[in-house]
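There are 2 protein chains.
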Amino acid sequence: MKIAIDAMGGDYAPLEVVKGVELARDQYPDLEFQLYGQLDKVKPLVKNDERIELIQSDEVIEMGEEPVKAVMKKKNSSLDMAAKSVKDKKADAFFSAGNTGAILAAGLFIIGRIKGIDRPGLATTLPIVNDPDHDNFVMLDVGANAESKLFNLYQYAFMGKYYAENVRHIENPRIGLLNNGTESDKGDELHKAANEMLSKDKNLNFIGNVESRELLNGAADVVVTDGFTGNAALKAVEGTALSLLTVIKSEIMSGGVKSKFGALMLKPTFKKIAKEMDYSQYGGAVLMGTKAPVVKAHGSSKANTIKNTIFQIKTMIDSKIIDDVVSYFDSHADEMQQIKQNAKNK
Amino acid sequence: MKIAIDAMGGDYAPLEVVKGVELARDQYPDLEFQLYGQLDKVKPLVKNDERIELIQSDEVIEMGEEPVKAVMKKKNSSLDMAAKSVKDKKADAFFSAGNTGAILAAGLFIIGRIKGIDRPGLATTLPIVNDPDHDNFVMLDVGANAESKLFNLYQYAFMGKYYAENVRHIENPRIGLLNNGTESDKGDELHKAANEMLSKDKNLNFIGNVESRELLNGAADVVVTDGFTGNAALKAVEGTALSLLTVIKSEIMSGGVKSKFGALMLKPTFKKIAKEMDYSQYGGAVLMGTKAPVVKAHGSSKANTIKNTIFQIKTMIDSKIIDDVVSYFDSHADEMQQIKQNAKNK
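Same order as they appear, the protein sequences are chains A and B. Taken in order, the first sequence gives residues 10 to 355; the numbers are from our numbering. Taken in order, the second sequence gives residues 10 to 355; the numbers are from our numbering.
Be a bit skeptical, because a hint or two may be false.
Claimed, not checked - Coverage of chain A stretches by chain B, computed from C-beta distances (three or more under 8 Å per stretch; other residues unrestricted): (1) 221–229; (2) 236–242; (3) 257–264; (4) 282–293.
Just so you know, the hints here were simulated from the structure itself, not pulled from any lab data. Quick caveat, the model's predicted, so the values are computed rather than measured. Backbone N, C-alpha and C define an ideal beta-carbon position, used for all residues, glycine too.
Given these sequences and hints, build the entire structure.
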């Protein structure tokens with residue numbers, strides 16, 4: 010299997026991308042790579058080009074660029090060319106740590122949606138920290154769409170279910186709807202209707218509404234949310250964890266000898282916690298609903314995260330998740346059309 | 010000044026409410042209290058009834074009750090009677106640690122909205138942890154309304170501004186709009202329009218969009234948000250902080266002698282951090298936009314939080330924040346009508 014990679018995307022590109030690809034190549038003998046980038050920069054970084062095809066791309070889509078415009082215009086960018094390779098079936102999956110909006114646009118407009126899926130949703134995996142029975146959960150949409158409709162939320166549930174099953178190996182995942190209260194009548198009109206619609210579907214193990222307060226405590230295996238709220242919740246979780254760790258660090262450093270000595274004693278414990286909280290172990294965010302895996306790692310990713318993300322992509326390909334999603338939406342096409350029509354009439 | 014208090018609201022009511030009121034009474038000689046509750050339970054808890062009027066209420070609104078129905082039906086509840094007392098101008102402010110929905114309903118339907126304010130919004134104060142120049146920020150609406158319209162967001166900005174100025178003593182507070190990106194064109198239609206509307210107003214120190222990742226880092230002094238997103242962001246912040254602290258505690262406890270010894274050395278540092286993060290020091294959440302202060306403390310509040318919340322209410326009364334809000338909305342009534350009309354036409 011072959012992965013098309015944008016070598017120029019990310020704060021530490023191309024160096025850390027190349028290092029991550031080589032780590033993954035050494036670990037997974039069945040993987041091949043296409044590395045798109047400015048070869049004068051990329052080539053000198055590659056120690057060994059075994060199973061790594063280097064392909065020249067003249068342009069780079071920068072972090073701050075207007076995404077859709079950039080993807081439409083820069084056909085010779087590393088990002089566009091990697092996506093085009095997947096569209097042309099010359100590679101099985103697309104990966105970049107670059108401009109998020111541009112990655113989503115390339116997924117939608119170059120690689121394309123699975124038939125029957127209205128709006129792909131961005132899925133991220135986060136750790137569950139206080140529940141020995143659950144290790145992580147999947148949340149989507151965390152920002153592919155600023156506006157989500159009822160039918161989109163319904164479809165996110167299925168995409169999340171397949172992701173949790175195929176990639177996280179969670180059997181019959183518990184699906185929750187992010188809402189402002191756990192009772193079934195909570196929320197705005199959209200979320201009230203979504204709760205009703207998800208409850209009715211026998212193909213989903215829907216456990217009802219969940220609140221963002223309980224996410225890290227294992228409230229659900231799949232958290233369905235509209236892209237606007239999901240984005241705010243995800244960033245609040247990330248920001249709070251980071252702010253808290255920063256404050257602990259700075260208070261320890263300014264706390265005198267006793268404090269520093271204590272921290273030294275606690276070093277293995279802190280390391281364990283940091284490892285538990287580090288969600289880069291789960292790879293990147295996945296645009297679920299496209300014809301091939303489209304995966305975006307955090308802009309600040311270093312080699313190890315790149316490697317983890319490649320493992321995640323390998324798992325997606327190995328598990329045939331795309332085939333599963335395609336076949337579900339195909340075999341339920343009439344039912345989906347009916348549900349979409351009903352959703353519109355509300 | 011006199012505060013009407015629901016003695017039966019909260020997980021530890023009436024004991025902790027009574028204790029908190031006595032603490033506040035001892036500290037603030039200008040405060041008087043009306044304590045509404047089942048006197049057979051409340052009276053034995055009061056050590057000294059100086060400046061505390063005890064008033065019998067036969068009913069109690071429970072935590073799980075449907076709020077609006079409960080407020081409409083249980084006229085003899087401690088919650089309703091305390092609110093009624095404020096409406097009848099026998100007390101200056103209302104306070105409960107009980108059923109949030111019922112507190113909001115009592116604020117809206119018993120005490121009533123300030124003329125010209127469409128939808129009161131629930132404002133909470135959270136700590137800023139990594140910025141020496143800023144100590145805390147105000148966020149609203151965090152859940153009074155499941156659905157917020159453009160004009161509501163606009164009015165939240167003013168209510169937040171007055172709260173930050175009068176109660177948090179922040180001069181010319183920086184007002185930010187919670188959105189899914191910092192660029193001005195980010196967000197769904199509602200938030201794009203809100204950014205434009207807030208930017209245009211010369212009476213607001215609007216600094217643009219803020220992301221929930223930066224809330225605790227001091228992105229703004231007032232964070233304006235729709236009630237659904239604000240609720241999700243607030244609960245994500247609370248939940249993440251709590252989960253993280255729980256995991257640190259449990260890892261330390263299971264980390265052996267060295268780990269426990271380290272924790273002992275770090276005790277003063279941990280205490281300082283916990284104090285910095287403890288937002289109960291700022292009191293409770295305030296329903297901004299009602300004719301008198303309506304303040305809700307967390308259900309799990311103990312005596313000290315009750316006392317802090319009473320101090321917060323005292324500051325609201327002392328600073329004449331309600332008069333300021335009334336007079337702003339009164340003197341800008343025509344302008345507000347015009348802006349509301351424009352918002353509707355969008």
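Comparing the hints with the structure gives:
By the rule of at least three residues with a Cβ nearer than 8 Å to a Cβ of chain B, the coverage given for the region 221–229 of chain A holds, with 6 such residues. Under the rule that three or more residues need a Cβ within less than 8 Å of chain B, the assignment of the region 236–242 of chain A holds, with 6 such residues. For the region 257–264 of chain A, the stated coverage by chain B holds: 5 residues have a C-beta nearer than 8 Å to a C-beta of that chain, and at least 3 were required. For the region 282–293 of chain A, the assignment as covered by chain B holds, since 3 residues bring a beta-carbon within under 8 Å of that chain's beta-carbons and 3 suffice.
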